[in-house]
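2 protein chains.
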Amino acid sequence: MIIGFIGFGKVSGNLADLISSPDIEFVTSTENRSPETIRNIKKSNVEVLDTFREVALKSDILISANSPKNALDAAVKYGKYCKGIYLDLNNVSPDTTFKISEHADDFVDGAIIGKIDSNNPILYLSGPNAEKLLFLDEFIETHIISDRIGDVSKLKLLRSAYTKTLSVLLIESLEIAKDNNLENEFYEILSLTEGDDFKDKSQSRIENTLNSSKRKSEELKEIIEYFDENELTMVKSALKKLNR
Amino acid sequence: MIIGFIGFGKVSGNLADLISSPDIEFVTSTENRSPETIRNIKKSNVEVLDTFREVALKSDILISANSPKNALDAAVKYGKYCKGIYLDLNNVSPDTTFKISEHADDFVDGAIIGKIDSNNPILYLSGPNAEKLLFLDEFIETHIISDRIGDVSKLKLLRSAYTKTLSVLLIESLEIAKDNNLENEFYEILSLTEGDDFKDKSQSRIENTLNSSKRKSEELKEIIEYFDENELTMVKSALKKLNR
Numbered sequence: 002m003i004i005g006f007i008g009f010g011k012v013s014g015n016l017a018d019l020i021s022s023p024d025i026e027f028v029t030s031t032e033n034r035s036p037e038t039i040r041n042i043k044k045s046n047v048e049v050l051d052t053f054r055e056v057a058l059k060s061d062i063l064i065s066a067n068s069p070k071n072a073l074d075a076a077v078k079y080g081k082y083c084k085g086i087y088l089d090l091n092n093v094s095p096d097t098t099f100k101i102s103e104h105a106d107d108f109v110d111g112a113i114i115g116k117i118d119s120n121n122p123i124l125y126l127s128g129p130n131a132e133k134l135l136f137l138d139e140f141i142e143t144h145i146i147s148d149r150i151g152d153v154s155k156l157k158l159l160r161s162a163y164t165k166t167l168s169v170l171l172i173e174s175l176e177i178a179k180d181n182n183l184e185n186e187f188y189e190i191l192s193l194t195e196g197d198d199f200k201d202k203s204q205s206r207i208e209n210t211l212n213s214s215k216r217k218s219e220e221l222k223e224i225i226e227y228f229d230e231n232e233l234t235m236v237k238s239a240l241k242k243l244n245r
Numbered sequence: 002m003i004i005g006f007i008g009f010g011k012v013s014g015n016l017a018d019l020i021s022s023p024d025i026e027f028v029t030s031t032e033n034r035s036p037e038t039i040r041n042i043k044k045s046n047v048e049v050l051d052t053f054r055e056v057a058l059k060s061d062i063l064i065s066a067n068s069p070k071n072a073l074d075a076a077v078k079y080g081k082y083c084k085g086i087y088l089d090l091n092n093v094s095p096d097t098t099f100k101i102s103e104h105a106d107d108f109v110d111g112a113i114i115g116k117i118d119s120n121n122p123i124l125y126l127s128g129p130n131a132e133k134l135l136f137l138d139e140f141i142e143t144h145i146i147s148d149r150i151g152d153v154s155k156l157k158l159l160r161s162a163y164t165k166t167l168s169v170l171l172i173e174s175l176e177i178a179k180d181n182n183l184e185n186e187f188y189e190i191l192s193l194t195e196g197d198d199f200k201d202k203s204q205s206r207i208e209n210t211l212n213s214s215k216r217k218s219e220e221l222k223e224i225i226e227y228f229d230e231n232e233l234t235m236v237k238s239a240l241k242k243l244n245r
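Same order as they appear, the protein sequences are chains A and B. Everything in the first sequence is counted per the working numbering, starting at 2 for the first residue and increasing by one. Everything in the second sequence is counted per the working numbering, starting at 2 for the first residue and increasing by one.
Any given hint could be a false lead.
Same chains, same names: a pair is fine if it fits in one copy or spans any two.
[As the list claims (entries may be wrong)] No farther apart than 16 angstroms at their CA atoms in a straight line, the calculated lysine to aspartate or glutamate pairs in the EDC-like style are these:
(1) 200 to 230
(2) 222 to 96
(3) 133 to 61
(4) 179 to 232
(5) 157 to 189
(6) 78 to 184
No lab work stands behind these hints, which were simulated from the structure alone. It should be emphasised that the depicted structure is a prediction, and the values quoted were computed from it without experimental measurement.
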């Protein structure tokens, strides 16, 4: 079996390492890639073809792990050459996922949850062809959510809505705690019910959110636009607070 | 040493059990108590005096564990007879705590966090006399927060602001998840970062909040009124959502 990668960043590189089997070969291309990516490809165990068109033609599974903004373009350019499964792992909205899926016959909606280089990355899959990728569970924990394209993307948005709004709630709670000189006590008392790592986790969430508040607020805006049939009282006020 | 109880409900009864020492005697009174409370007192190892005035006069530590609405009244009536420490464990606002403290010379602001009959109830204390009660740590985990009266009450409010707002965020998130047929998947994906008990904990929080939404919304209103110098964007929208 041949697995091809469009894009060879952290996700592709780590997947090529994790999926280690004598029956599986990997292919990608250095076509129009950055010098850094080309170095990483050369260090890996992945065969290099001249073009991504060839990669698509040769692959039984074609994995697109690009930047979100190139995800649709990659599908438009190479999806049509793909005779096997086209697995999109880009962090894109459900709407973009649907658009991408129109450019490949056997499309699977996917996402890596958790850091790919952590102890327990999990591969989430959805779509009518997802079952065909269940063999990957031997190499990386693989969960099939449903046979509906878009469900993985929706679930990512939903998760992001919850965690980002929670982070803003933490920011607000800490503001009150600090104003009352009860910062440490707040962490301590809540760790009784929220777990021993509550302080560390909360502090990293707060920092993370404040350090990239512009990006987080754009992501919250996308979430609100996507789930526009829901009221989203909490998510909307998280956005309001972030924008101040 | 003599410890007296004003009010003999779950908290007092369990404290009398936990604080088991040959050097400590307990006293309370059946004066104006309900038949159920009188039965519980008779079953316990606590000496019964005729009046709460006598209880106050005799105690080295007088513990008030009543209903919130009787807390101030108890202090007004018996605080003046108390020669030792007056420990208030009622679930009252910081403002009420300050009022109560004016009726006793050596006042300590306290709260039991976690269920009193659970494995790990913790006694939180604040105020200039809190140190004098640190010996209780031998019987029940005891944390002194500060030497400021009101800090325990503020911390309780802060905790309640966080957990109640979080519960409303959970309600909102589950509404979106259900609308997208991703309820179980939402719990599953979040348990990866929020802990294995995320589903059980979230479901019990949601139920709890929906089953007593009127009381929760009153408590949120009190929180907003108390911390009125803070913006409380998130807490306010939790109240808004609860009131719908």
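Going down the list of hints, with the structure as the test:
In the homo-oligomer, the alpha carbons of residue 200 and residue 230 never lie at most 16 angstroms apart, since the shortest distance is 35 angstroms inside one protomer and 25 angstroms across protomers. With identical chains, the CA atoms of residue 222 and residue 96 are at most 16 angstroms apart within one copy only, with a shortest distance of 15 angstroms there and 39 angstroms across copies. In this assembly of identical chains, residue 133 and residue 61 lie within 16 angstroms of each other by CA distance solely inside one copy; the values are 11 angstroms within and 74 angstroms between copies. Within a single copy, residue 179 and residue 232 get their C-alpha atoms only as close as 31 angstroms, which misses the 16 angstroms cut-off; across copies the closest is 14 angstroms, which meets it.
Only between protomers do residue 157 and residue 189 lie at most 16 angstroms apart by alpha-carbon distance; the minimum there is 12 angstroms, versus 30 angstroms within a single protomer. In the homo-oligomer, the alpha carbons of residue 78 and residue 184 never lie at most 16 angstroms apart, since the shortest distance is 53 angstroms inside one protomer and 35 angstroms across protomers.
In summary, the numbered hints that this structure violates are 1, 6.
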